[in-house]
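**Q** With chain A's structure known, arrange chain B on it following the hints.
Residue numbers (the working numbering), protein chains in the order written: chain A, 328 to 634; chain B, 328 to 634.
You may find that some hints are simply not true.
Each pair may be met inside one copy or between any two copies, as identical chains are not told apart.
With a Cα cut of at most 30 Å, we get these calculated BS3-like pairs of lysine-lysine [claimed, not checked]: (1) K434 - K362; (2) K369 - K597; (3) K538 - K577; (4) K458 - K577; (5) K373 - K481; (6) K434 - K331; (7) K443 - K478.
Everything labelled a hint here was simulated from the structure, so no lab data went into it.
2 protein chains.
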Amino acid sequence: MSCKKCIESPVIKLTNSPVSLCKSCFIKYFEKKVKKTISDYKLIDKNDHIVIAVSGGKDSTSLLYLIKKIVGERKDIKITALAIDEGIHNYRDESLEFLKGFCKKLKVNLKIVSYKEEFGKSLDEILKTYKGIPCSICGVLRRYLLNKKAKELKATKLATGHNLDDEAQSIMMNYCRNNMAISARLGPLTGIKKDERFIPRIKPLYFLTEKEVTSYAFLKGLMDNFKECPNSQQAYRNNIREMINDLELKIPGTKHSIVNSFLEILPLLKEEYSKDSKLIKSCLKCMEPCSQEICKTCIYIETVIKS
Amino acid sequence: MSCKKCIESPVIKLTNSPVSLCKSCFIKYFEKKVKKTISDYKLIDKNDHIVIAVSGGKDSTSLLYLIKKIVGERKDIKITALAIDEGIHNYRDESLEFLKGFCKKLKVNLKIVSYKEEFGKSLDEILKTYKGIPCSICGVLRRYLLNKKAKELKATKLATGHNLDDEAQSIMMNYCRNNMAISARLGPLTGIKKDERFIPRIKPLYFLTEKEVTSYAFLKGLMDNFKECPNSQQAYRNNIREMINDLELKIPGTKHSIVNSFLEILPLLKEEYSKDSKLIKSCLKCMEPCSQEICKTCIYIETVIKS
Numbered sequence: 328m329s330c331k332k333c334i335e336s337p338v339i340k341l342t343n344s345p346v347s348l349c350k351s352c353f354i355k356y357f358e359k360k361v362k363k364t365i366s367d368y369k370l371i372d373k374n375d376h377i378v379i380a381v382s383g384g385k386d387s388t389s390l391l392y393l394i395k396k397i398v399g400e401r402k403d404i405k406i407t408a409l410a411i412d413e414g415i416h417n418y419r420d421e422s423l424e425f426l427k428g429f430c431k432k433l434k435v436n437l438k439i440v441s442y443k444e445e446f447g448k449s450l451d452e453i454l455k456t457y458k459g460i461p462c463s464i465c466g467v468l469r470r471y472l473l474n475k476k477a478k479e480l481k482a483t484k485l486a487t488g489h490n491l492d493d494e495a496q497s498i499m500m501n502y503c504r505n506n507m508a509i510s511a512r513l514g515p516l517t518g519i520k521k522d523e524r525f526i527p528r529i530k531p532l533y534f535l536t537e538k539e540v541t542s543y544a545f546l547k548g549l550m551d552n553f554k555e556c557p558n559s560q561q562a563y564r565n566n567i568r569e570m571i572n573d574l575e576l577k578i579p580g581t582k583h584s585i586v587n588s589f590l591e592i593l594p595l596l597k598e599e600y601s602k603d604s605k606l607i608k609s610c611l612k613c614m615e616p617c618s619q620e621i622c623k624t625c626i627y628i629e630t631v632i633k634s
Numbered sequence: 328m329s330c331k332k333c334i335e336s337p338v339i340k341l342t343n344s345p346v347s348l349c350k351s352c353f354i355k356y357f358e359k360k361v362k363k364t365i366s367d368y369k370l371i372d373k374n375d376h377i378v379i380a381v382s383g384g385k386d387s388t389s390l391l392y393l394i395k396k397i398v399g400e401r402k403d404i405k406i407t408a409l410a411i412d413e414g415i416h417n418y419r420d421e422s423l424e425f426l427k428g429f430c431k432k433l434k435v436n437l438k439i440v441s442y443k444e445e446f447g448k449s450l451d452e453i454l455k456t457y458k459g460i461p462c463s464i465c466g467v468l469r470r471y472l473l474n475k476k477a478k479e480l481k482a483t484k485l486a487t488g489h490n491l492d493d494e495a496q497s498i499m500m501n502y503c504r505n506n507m508a509i510s511a512r513l514g515p516l517t518g519i520k521k522d523e524r525f526i527p528r529i530k531p532l533y534f535l536t537e538k539e540v541t542s543y544a545f546l547k548g549l550m551d552n553f554k555e556c557p558n559s560q561q562a563y564r565n566n567i568r569e570m571i572n573d574l575e576l577k578i579p580g581t582k583h584s585i586v587n588s589f590l591e592i593l594p595l596l597k598e599e600y601s602k603d604s605k606l607i608k609s610c611l612k613c614m615e616p617c618s619q620e621i622c623k624t625c626i627y628i629e630t631v632i633k634s
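Just chain A, with the same shape it has in the complex:
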């Protein structure tokens, strides 16, 4: 069997169609799909300053490489990479070293923000006393810093490396836990209009599966190995991931169908749940947007980090 588009031998079988592609055709297909997502959903505008959330993983590394490739030559667009140093020994230190080299090669400014500097303690130090699930506190602190630092950098967009698998999982998690209002905040372009407290988020890898992004990162030689976070404990997401992967194996195209179903109802969800967004307050302590009087980050700072 040869590649669907040329005579080379294929390296990958696409998941939502019975098509196999060779390395070069797969890379073309992948990049075309990212460009199409950017253009269909108007993810990038004139004069944008795109801050790209990077971790050194396959998703955000591919994203950074591609945004630089696609709009890096445009004079009106500025690109900055933003990495969060949670302070995880034997993990984040290594990926930050990789990122420094990678950004230097790409000629992209890299801004590193650490929990230690911002909150006074690294995640390793926090976890000495905090006995809850690490991802719970770390997710809150990381999202807080990404939004806050992107604003300080005067970003007009915050780009993240979420892929189709991530999105299908989030959609199903919200559906199976009856969190529909939270689903309204998903999608390839998110953010609340005319609320300057939030930097709009864009997900250019939205329509590419995890398998495709991983293949792209390795076939392009962007990285030669990767390590998963040693603290990762996402029990619920893992259940849903397994369930979706299992169904995708039996019925190829399921992940795409889930995301397409979601995109069909997303305008309805946004309309319905935007009433709630008017209720978003500013935290009395840090002034960042939040749903309560005091935001979760400030509560963690008081009850966990300072204690």
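**A** Here is chain B on its own, set in the frame of chain A:
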């Protein structure tokens, strides 16, 4: 451990809360929940003629028993049981015998309509030449006859025994296959306003799990055994059933959450997809409602049954 509500020993653990109930408290809980569904969703109105689709299975037998118990004494409400005799040897003949006795005991009129009389061939005869999936053709013919015969009986409601598991499966099947327009036709009360071609459908067992309905049928002694259809081949539904049951085991309450998420967006779906309902035509051959020029039943009659 004793029953949550009294001192008897429990017979069943509810699925969406950590509560165990004894036989008598479970039956009270079950019946109260059916009454609440009927009242919350206004499933039954004054002067209704409720035609109940019965098969002799645990769901529709419990439904028939309960509708008779709840509104059977009301002078303004008429109840008729409607059974479809597909003509499946060693299966339907037995359940029809059971139904005749059961309806006689309950003093409910039973109307039996057969494929043989209506279409000229029994399902067994049809399947001698039709080599597709039996449920595909049988589902189309059965739904056609239920709607048509309910209309002939001058029903104002057609009640079916769908339970929470059935609904959660249908919701997920539509989501995972990107059939959102079809989802808009689900819910405890369905039907298109002011379209007399459709008899509104009601599902009083909507909020009870399959486990609960099965337990109710056996604890009340409504039936002492049951048989599944020998032709059943619902590959996709079985995949989804397995997936949801697996998730429910890990995270109890998942089925309820799926249905609650769905009910939250159902008004939005109905609004969005009701545009389509205006496009519903009448079949040029039989005048029954359909989306094409000729309905699926008439196509099956021409291409499969008469051939």
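**Q** All the hints need checking, so say for each whether the structure fits it.
**A** Hint check:
1. K434 - K362: within (21 Å within a copy, 68 Å between copies)
2. K369 - K597: Close inside one copy (17 Å) and across copies (29 Å); limit 30 Å.
3. K538 - K577: both (16 Å within a copy, 26 Å between copies)
4. K458 - K577: This pair counts as between: shortest inter-copy Cα distance 22 Å, intra-copy 39 Å.
5. K373 - K481: Result: close within a single copy only, 15 Å intra versus 64 Å inter.
6. K434 - K331: Classified as neither: same-chain Cα gap 35 Å, cross-chain 67 Å, threshold 30 Å.
7. K443 - K478: within (20 Å within a copy, 72 Å between copies)
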